[in-house]
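S.K.: Below are the chains, spelled out letter by letter.
Protein chains: 4
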Amino acid sequence: MNRLTATLLISCPDRQGLVAKIANFIYANGGNIIHADQHTDFAAGLFLTRIEWQLEGFHLPRELIAPAFGAIAQPLEAQWQLHFSDTIPRLAIWVSRQEHCLFDLILRQQAKEYAAEIPLIISNHPDLEWVAKQFGIDYYYIPVNKDNKAAQEEKQLELLHQYDIDLIVLAKYMQILSPEFMTRFPQAINIHHSFLPAFVGANPYQKAYERGVKIIGATAHYVTSELDAGPIIEQDVVRISHRDEVSDLIRKGKDLERVVLARAVRSHLQHRVLIYGNKTVVFE
Amino acid sequence: MNRLTATLLISCPDRQGLVAKIANFIYANGGNIIHADQHTDFAAGLFLTRIEWQLEGFHLPRELIAPAFGAIAQPLEAQWQLHFSDTIPRLAIWVSRQEHCLFDLILRQQAKEYAAEIPLIISNHPDLEWVAKQFGIDYYYIPVNKDNKAAQEEKQLELLHQYDIDLIVLAKYMQILSPEFMTRFPQAINIHHSFLPAFVGANPYQKAYERGVKIIGATAHYVTSELDAGPIIEQDVVRISHRDEVSDLIRKGKDLERVVLARAVRSHLQHRVLIYGNKTVVFE
Amino acid sequence: MNRLTATLLISCPDRQGLVAKIANFIYANGGNIIHADQHTDFAAGLFLTRIEWQLEGFHLPRELIAPAFGAIAQPLEAQWQLHFSDTIPRLAIWVSRQEHCLFDLILRQQAKEYAAEIPLIISNHPDLEWVAKQFGIDYYYIPVNKDNKAAQEEKQLELLHQYDIDLIVLAKYMQILSPEFMTRFPQAINIHHSFLPAFVGANPYQKAYERGVKIIGATAHYVTSELDAGPIIEQDVVRISHRDEVSDLIRKGKDLERVVLARAVRSHLQHRVLIYGNKTVVFE
Amino acid sequence: MNRLTATLLISCPDRQGLVAKIANFIYANGGNIIHADQHTDFAAGLFLTRIEWQLEGFHLPRELIAPAFGAIAQPLEAQWQLHFSDTIPRLAIWVSRQEHCLFDLILRQQAKEYAAEIPLIISNHPDLEWVAKQFGIDYYYIPVNKDNKAAQEEKQLELLHQYDIDLIVLAKYMQILSPEFMTRFPQAINIHHSFLPAFVGANPYQKAYERGVKIIGATAHYVTSELDAGPIIEQDVVRISHRDEVSDLIRKGKDLERVVLARAVRSHLQHRVLIYGNKTVVFE
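Chains as they are written, first to last, in the UniProt record's numbering: chain A, 1 to 284; chain B, 1 to 284; chain C, 1 to 284; chain D, 1 to 284.
Bound-form chain A, shown alone (with noise of 0.2 Å):
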């Protein structure tokens, strides 16, 4: 089905009448609601909601979509994005050496698992250079240190800019961004690769290994100014045992990086990921 649709993804004080008055304006318009899911959060009070119609036969015009529904929005307090499924979303993938997730998500694009571009790739090492030959995709190396570190992230955001880039996909860049960066461009996703909160840091498949765990996860999660403490959007483990050395957990770790972060890549550009608090709603 790629029928041309619009997503609304809310959140609002929760109160009575939110599902009639957000199906009613899609209804009235002469929408044809396709999904619709909500959830609240009863503890904080909030509404969640994420509904999707088609545009065939709506009779708002495209640009006065988003200020009708603001007039609607603004008395229940609510935040809220719009998105139109022809809007393709562009990605910069960051690496550092390792190419797993890299190729993963070029391959999904290429098998338009992903309605979206990838027309960069950054990475503060020159290895992984052929890849992005190999699919046409340009590559800056940009290698960062302590001292250049301001200077170089100048660069990265101008190359965001010039490229006109929706999101950075950290997939095993292994660089921390600095909160100034993160302030200037907050949308960005990371693989880390541990089961989230456990082993935070630098080195969780060998501290996973001392400690003698049984079962080694991977964590996606958008990236916040404090490290590894983002709003998680996927997980997912596998099991281990004593057989394993420290190069098993990486080699298991991997296949398990590029899937949960293939799964927190596709849910946002679907738009079925809400942040609230430091948590998400991912809606399926």
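Source of the hints: derived by calculation from the structure; they are not laboratory data.
All C-beta atoms, glycine included, are put in the ideal place defined by N, C-alpha and C.
There could be a bad hint or two in this list.
[To be verified] Residues from chain A that face chain B, not an exhaustive set, calculated with beta carbons under 10 Å:
#1 17
#2 49
#3 143
[To be verified] In silico DSSO-like cross-links for lysine-lysine, where the CA-CA straight-line distance does not exceed 30 Å:
#4 146/B to 207/B
#5 207/D to 252/D
#6 133/C to 149/C
#7 207/B to 252/D
#8 279/A to 21/A
#9 207/A to 279/C
#10 279/B to 252/C
#11 279/A to 252/D
#12 207/A to 252/C
#13 252/B to 279/C
#14 207/C to 146/C
#15 252/D to 252/A
#16 155/C to 252/A
#17 252/A to 279/C
#18 252/B to 112/C
#19 112/B to 279/A
#20 133/C to 252/B
#21 252/C to 133/B
#22 279/A to 112/A
#23 252/C to 252/B
#24 155/A to 133/A
#25 252/C to 207/C
#26 252/B to 279/D
#27 21/D to 21/C
#28 252/B to 252/A
#29 112/C to 155/D
#30 252/A to 279/D
#31 133/D to 252/A
[Said to hold, decoys possible] To be clear about the criterion: a stretch of chain D counts as covered by chain B if any three or more of its residues have a C-beta under 8 Å from a C-beta of chain B, and this derived list gives those stretches:
#32 212-225
#33 273-282
Chain A is already provided as a structure; the job is to place chains B, C and D on it using the hints.
M.R.: Okay, now just chains B, C and D, sitting in the frame of chain A:
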């Protein structure tokens, strides 16, 4: 949240405005929706929804909700059920010799995981009467063979009527119910000890062992007149290895059977399951 | 296969010929090995093995096996344990208020999944005495607070001695055992209701909810004087979503706790667990 | 550990002293066993073992190991294989139009997860030649239909011979190999996109959708002349819901197929798989 609520389960041909119509009905009568979930099966052209709202503050008296909604449902050609959260369903658990599912269901009911009563246990063996006694539940030993099947099913149906039973849970009841029985009491959930449709019929663990599978499963489904072919509610699996003999498969399978049956019964009791065709929607 | 067997669990510095030496000892005495498993931890330079053989036809009388093998083990600097399959270990189950793990362990023992006896239940609450009574097990209510802890632990130790207990199973016993207690009775398995090392300490489900994880876990481990830091025997996880409140995490967690603790106890009772450093090898 | 090792895979009728005999053979010649695993299938009266030792310091010259062990094996009526870790197997990957498994296998080989070479890709479609070119692998487009099947299989066999191939990996090759072909080149692993034996044959995802299962799977197995009935090496599953259409099943299935096939190929290449009857032992 032990709020008093009403739940509507609805399926009807898909058309514009269904979400709005249903939400308006509730909102217009002062109801506060606390859960709403919908699904559109585009292939079947079918709209399915589950909507739950608080009865506190709802202007329509309880006994008028069904007729009032019926007037809305008729032109939509909708099939629908209305449930109130203070109506406590009554379960009959049917067993043969194995006690693991029986204990599990009783303990969940005692721990208030289930809002249900369990007044009746029926068995074709006398073995588990001690369990019934421990928990003060009536136990009827009704042996069944080819010759007495019709007569014994009459007895069983009488008991179901006498105890005012809403749902049969076949918790490792190793007998097939006749099509006639199913016509007269169609509400029954069974646990099958395989990952259906693999290993239909008897001795699935033996068959799984012989085929050399690396994973075994269990399936909870509604019972229909065709053996092991009813709508699936829940499935789960566990990994096995060459070290596992048939007795290990049985042991590992028991843990699966308990949890798969428990989840299916829970979903049913919370009115989260909609059957359509030979499939289910299980709203979460 | 209820064959009478002997099992050796051995760990020693790795060197050539260990498998041959041990296998020869058994073969030379007429033993038939039915299970042999080994693991070499190359980082630690350690060889670990579990070997089980039939006693039928074994030429060495039982009481001479230990001294005879001791003579072989000494020059290898091996640590070892010898177990006979007809020695039935005696368990004390410790509980607080939640009955799910207690019931689970008792039912597995009754179903002969465990070759063990359960003569004793100790609790810091009176709530679960009814369960003990149902199954004819002695129940001791020993409330513990800061002031009486040392005295109550004396009572507990006396009971363990009086009932000739081999293993304590902390089946949701919500109290910490003192280091002194652990020194005097070091054989104890605990179930922790998180995916350790995430959410160490109290209220892990609340913490998991607040962190917004997408998967929760449970961990069975040997108890050491450092809280939640003992060698891990078994872990498992279950997926959660934004729809799950803390009460749902607790409910889903209970199913995990039961099965994770059950598997750990089973592995221990079958002499499949070797502790080394702060880790375990669990032979399958 | 890139140690040079030899590996014996042995199956023979069970009898006393087998572990000792084999371990003595290695120890007597100065070998250091680094992995030993065994399994006894009591029902079949069969002993199966995998034993790996370092060649450094082993007194027997390589070319004498096979004849020397053969002398031991004959009276035991053993079937056995001897492998050296520096013999690099050569794989032919067969594909149709889907590239996900192909890319996955190539990338694992490039990342040195596999000690193998991939010199040859055979396809019944021209679509994936670009992938072969990216990695410098020879690609042969050999279309097959009823009329030319025998002739084309001759060509395929010639290529396998010419490229000195040890193992065929059917990585979503949507054609059946003839029994004659299998007789002449029996070493082939296939990935089937269902949880066998459920949904044997074509279109398993469509069938799974129609049956309404809640979990789908993938199965890697050795190819035999009976369709989808060969010995299973590895299986895995993923949960689906009513929201998943057939296209979602295909997408989720692709992730499964990749990882299940990858694990099976890895186990095979590490000589961890022993076939007996129609089943496998996969030593870990």
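S.K.: Against the structure, test the hints numbered earlier, and report the numbers of the ones violated in rising order.
M.R.: Numbers 3, 16 and 29 - these are the hints that the structure violates, sorted from lowest upward.
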